Amino acid sequence: MSVPQEKADRELLRRYHEEGDLRARERLIEQYLPLVRSLARRYSYRGEMHEDLVQVGCIGLIKAIDRFDIDRGVELTTYATPNIIGEIKRHFRDKGWSVRVPRGLQELNVRLSHLLEELTVQLERSPTIAELAKAADVEEEEVLEALESGQAYATLSLSAPASGGEDSSDLDPLESLGELEHEYEVSENRAVLAPGLKALDERERRILHLRFFEGLTQSQIAQQVGISQMHVSRLIRRSLEKLREEIATEQSSGRRAL
Amino acid sequence: MASDAITLRIPHDKPFHGVARLVVGGLAARLDLTYEHLEDLQLALATVLENDAYLTGSDVTVKLAVNPDSVGMVIGPLQDEQVRADLQDDAGEGISLRRLLSTLVDDVGVDPGDGGAWLRLEKRVPMKRPEPKGTP
Numbered sequence: 001m002s003v004p005q006e007k008a009d010r011e012l013l014r015r016y017h018e019e020g021d022l023r024a025r026e027r028l029i030e031q032y033l034p035l036v037r038s039l040a041r042r043y044s045y046r047g048e049m050h051e052d053l054v055q056v057g058c059i060g061l062i063k064a065i066d067r068f069d070i071d072r073g074v075e076l077t078t079y080a081t082p083n084i085i086g087e088i089k090r091h092f093r094d095k096g097w098s099v100r101v102p103r104g105l106q107e108l109n110v111r112l113s114h115l116l117e118e119l120t121v122q123l124e125r126s127p128t129i130a131e132l133a134k135a136a137d138v139e140e141e142e143v144l145e146a147l148e149s150g151q152a153y154a155t156l157s158l159s160a161p162a163s164g165g166e167d168s169s170d171l172d173p174l175e176s177l178g179e180l181e182h183e184y185e186v187s188e189n190r191a192v193l194a195p196g197l198k199a200l201d202e203r204e205r206r207i208l209h210l211r212f213f214e215g216l217t218q219s220q221i222a223q224q225v226g227i228s229q230m231h232v233s234r235l236i237r238r239s240l241e242k243l244r245e246e247i248a249t250e251q252s253s254g255r256r257a258l
Numbered sequence: 259m260a261s262d263a264i265t266l267r268i269p270h271d272k273p274f275h276g277v278a279r280l281v282v283g284g285l286a287a288r289l290d291l292t293y294e295h296l297e298d299l300q301l302a303l304a305t306v307l308e309n310d311a312y313l314t315g316s317d318v319t320v321k322l323a324v325n326p327d328s329v330g331m332v333i334g335p336l337q338d339e340q341v342r343a344d345l346q347d348d349a350g351e352g353i354s355l356r357r358l359l360s361t362l363v364d365d366v367g368v369d370p371g372d373g374g375a376w377l378r379l380e381k382r383v384p385m386k387r388p389e390p391k392g393t394p
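For the record, the sequence lines run as chains Y and R.
Just so we're aligned: the first sequence equals residues 1 to 258 in this note's numbering.
Just so we're aligned: the second sequence equals residues 259 to 394 in this note's numbering.
To be clear, the hints were calculated from the coordinates, so they are not data collected in a lab.
Since the model is a prediction, treat every value here as computed from it, not as a measurement.
Any given hint could be a false lead.
Simulated restraints, written as ranges between beta carbons of each label pair [said to hold, decoys possible]:
| # | chain 1 | residue 1 | chain 2 | residue 2 | range |
| --- | --- | --- | --- | --- | --- |
| 1 | Y | A130 | R | D365 | 20 to 28 Å |
| 2 | R | L313 | Y | E18 | 51 to 59 Å |
| 3 | R | N325 | Y | Q55 | 22 to 30 Å |
| 4 | R | R356 | Y | V138 | 32 to 40 Å |
Derived list of chain Y stretches under chain R, where covered just means 3 residues or more per stretch with a C-beta under 8 Å from a C-beta of chain R [unchecked claim]:
| # | segment |
| --- | --- |
| 5 | 116-128 |
| 6 | 210-219 |
| 7 | 240-248 |
All residues carry an ideal CB built from backbone N, CA and C; glycine is no exception.
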């Protein structure tokens, strides 16, 4: 970005933040609309969604303008880009537009989740795809497809805001029974300072800790936490996705606000 | 036995990452791997593919190799500096690429190659080669 442009931006930001000049805010929004459009294009897998994504991206832009700290010394583009992308990705995650899962596969996924629990207990190890297929009386390919759709499905069924917020709708009643709660608090107090982890809720942090620091397997975590293995799998994937987004946002906004 | 290999070149877009995961799934089914081993391989792959900071271009190649007692994955080309830095970084209580991959697979390496760094992952798995499909 050119220096005069950057200077003009800072003046508009100053007028908005210090004097409450809403016209300055509007001008900034208009000025950065092409950026939103070009970022939205990257995520428009289907033509008709482009305009919707631009709308969503604008929310990210507005948030960036509203939260921008003039004293920080970063350019608005640098700060706004991850915010816009973050908002678009959150939209996909919440609405699940990118992943329309046929009902049959969703049902098979639910069945497989139960069979996975049963077979793990019965075999005293994780079952193979063939064993799952046999138990579900379907082809191996169908098992794979259902597992894959399950990962995609997770992004819509387990959708939650990127930070804070309780996703109580998907909670298994057993999940509140956390015997490791106290033990975990200790490590969590340290973990809260680590990059990106603030984007996760307590349960997500706990599951990541058990998996990547304690080295527990998915089935062991499932037992400890009282949810299904597949649910653990989805939570791990979703948490890692949130972490990546958060770290990207932190890095490009030149922060150290943690 | 010589290693069997699959090479897959896909656009660097999320829907295609799912295709790569399915191919890993197909291979795992073929080798009779357990659900947990498959999950580890797929998550390792997703961790690399879905991190925009590692991108170098519009395509990415995933090479899968079936070795006598392991499954190998080579992913590239990736941003050399970023990948190497993330593999060095312990990140303390944070979850670095190094911590993720060392939990999910047994060996991690980076090789220079066409267009950037090529990440080499290897997971040792109990290998039970099933009879070819369709044989009586």
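Hints, one by one, checked against the model:
Between Y:A130 and R:D365 the CB atoms are about 27 Å apart, so this pair conforms to the stated range of 20 to 28 Å. Separation of R:L313 from Y:E18 is about 38 Å and departs from the stated range, judged on CB atoms against 51 to 59 Å. The hint said 22 to 30 Å for the Cβ distance between R:N325 and Y:Q55, and at roughly 49 Å that hint is violated. A C-beta distance of roughly 38 Å is found between R:R356 and Y:V138, which places it inside the suggested range of 32 to 40 Å.
Under a criterion of three residues with beta carbons nearer than 8 Å to beta carbons of chain R, the stated coverage of the segment 116-128 of chain Y is upheld, 5 such residues being counted. With 7 residues having a beta carbon nearer than 8 Å to a beta carbon of chain R, the segment 210-219 of chain Y meets the requirement of three or more and the stated coverage holds. As drawn, the segment 240-248 of chain Y meets chain R at 5 residues by the rule of a beta-carbon pair under 8 Å; at three or more, the given contact holds.
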